[in-house]
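There are 2 protein chains.
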Amino acid sequence: MTTSREVRLKSRPEGLPTAANFEIATVDLPAPDPGEVQVRNHYMSVDPYMRGRMYDRPSYSPPFQLGEAMQGHAVGEVIASNDPAFKVGDTVQSMFGWREAFNAQASAVQKLDTHGLPIQAFLGVAGMPGMTAYVGLLKIAALKEGDVVFVSAAAGAVGSVVCQIAKLKGHTVIGSAGGDEKVAFLKEIGVDHVIDYKKTSDLKAALREAAPKGIDVYFENVGGEHLEAAIDSARPFARFALCGMISQYNETGEPKGPSNIIQAVGKSLKLEGFIVSNSYDMLPAFLQDMSGWIASGQVKWKETVDEGIENAPGAFIKLFKGENLGKMLVKLS
Amino acid sequence: MTTSREVRLKSRPEGLPTAANFEIATVDLPAPDPGEVQVRNHYMSVDPYMRGRMYDRPSYSPPFQLGEAMQGHAVGEVIASNDPAFKVGDTVQSMFGWREAFNAQASAVQKLDTHGLPIQAFLGVAGMPGMTAYVGLLKIAALKEGDVVFVSAAAGAVGSVVCQIAKLKGHTVIGSAGGDEKVAFLKEIGVDHVIDYKKTSDLKAALREAAPKGIDVYFENVGGEHLEAAIDSARPFARFALCGMISQYNETGEPKGPSNIIQAVGKSLKLEGFIVSNSYDMLPAFLQDMSGWIASGQVKWKETVDEGIENAPGAFIKLFKGENLGKMLVKLS
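Residue numbers (my numbering), protein chains in the order written: chain A, 1 to 333; chain B, 1 to 333.
Hint data in this document are derived by calculation from the structure and do not stem from the laboratory. There's no promise every hint is true.
As the list claims (entries may be wrong) - Below are the SDA-like pairs computed for lysine to any residue, each with C-alpha atoms no more than 25 Å apart in a straight line:
#1 K267/B x R12/A
#2 K87/B x G35/B
#3 K321/B x Q263/A
#4 K87/A x P63/A
#5 K204/A x G52/B
This structure is a prediction, so every number in the text was calculated from the model and none was measured.
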């Protein structure tokens, strides 16, 4: 008998989540039934989008249910198999994060060919966040020669990949992030102009200075003042890939919308939201490109790793305080 | 010697323009020089976009200059010609509105084949506003089978054409307008659900009721609460053609942005601003389609006509008070 600890949503957060919104439970896992596998997770992912699933409202992902283990990306190892397609020791990825181990239908987990990368890279640069950057920049924003690219949350799991793809394709990149460590990382990966928004009282002015001729692409991870600054500096026909707006996820009042949205008319701007799961047709191209870029050293990444399932809620909360550099992970075994 | 009265911008409006921002001047027109024509305008257009040109700031159209005659679409008749391509009596259109008559290089006016329509139709349904509707709906919003279409300022020069193109292509159309006369016109042209926003305290609720399954296309002419309501009711992958935001043109403080813009991420919305002059390649298709639709009675239009150049500023101001039904025109001769 395997035991597993898991994180359940105890109550729906009001505003910024706190530890009290979560509870840790221990469950016993029987041997897998026919057609099932048993998996021990090595790493689980915490991602900003999970905040949306903590609200009880319809969205592209269904809400997490109170009293049940949450879901999310995880990578681990088969520890028991009752399905001919899997054997003990197989490395797999799944959506059964937020738990140390689990039983699942074999069809609900995927074998992972790591291409020599550390497995947790498939929760970050080579996984959903990396592919989000790839899809948003190349398909949604339709990056083209000569574009000046502005990226918010530029040192994060998604933003840092956006910056590097844009750089390796020869673009001028402006990245916004908060704090010396993030600024240093962005300079290390070649970002042309770094804005430390925590040290900036006037983000519009800072962006105008960084991009005196304006921007052609904005990769939106933050919302609020960042979106307004991007609209302000947008050149005609600029394209905005709206990936997320982390500044607003915990808003309890009415968020402030971009007061200058009217400029979208006169400048023929295109603002387009997207969800990476609608572009899975691009997965083979992404994996091929990304493995090449990593092998050649053109794409680097940072991880912030907390250990132990009991620290997963805290790791999640760090995302909204900007306390992670690069991909935020929880190491489980 | 011909004399002409013209409207000049006397001062830049703060907020809603007033009569005091304009002045009428009388000029003498000499006989046209070689290569020039002299034209008497029969009708001139007043359009909401002209408000933007009254600010002293860079935009897609340069600012009107203080003390000079303004510009805009006009239709008229050649009354003297010193160019072999034009003869007295030719019907022409030009951008020399806001004046009774003018001399211009022959290349700056275009002969107008009216296809049997009244000439002023080329300032409205068969002109720039009609083509704006056509481009915004068919190219920017990329109207496709089954779309539910929401149109604001639906009884206006642009909006009423949007509604009718969507209807003749078989779509469900929801139109918002203010006042009984506009509501009656929208019902007459077959709009499925009409929202009188002046009688509605909760526009979001009204749109949800009119479109219980949501909207796929929003044709944006108004901004503010209309944009928020459209985002609220948007179905996944809805497309917004951002044509104008008349509610904000005279805003003196900071306009309120759409507080729910974050939904653009989760619902994969596309919001795209456009200027019709970037799509002149569609002009032949527009003229062919529109002349057919008018001939078959599938597209109708209304005009609100004021007379005399001295009343042009007042006609312009009416646009922002919603006092026009359909295309606002000034008859000059």
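Quiz item: Which of the numbered hints are not met once you compare them with the structure shown?
Solution: 4
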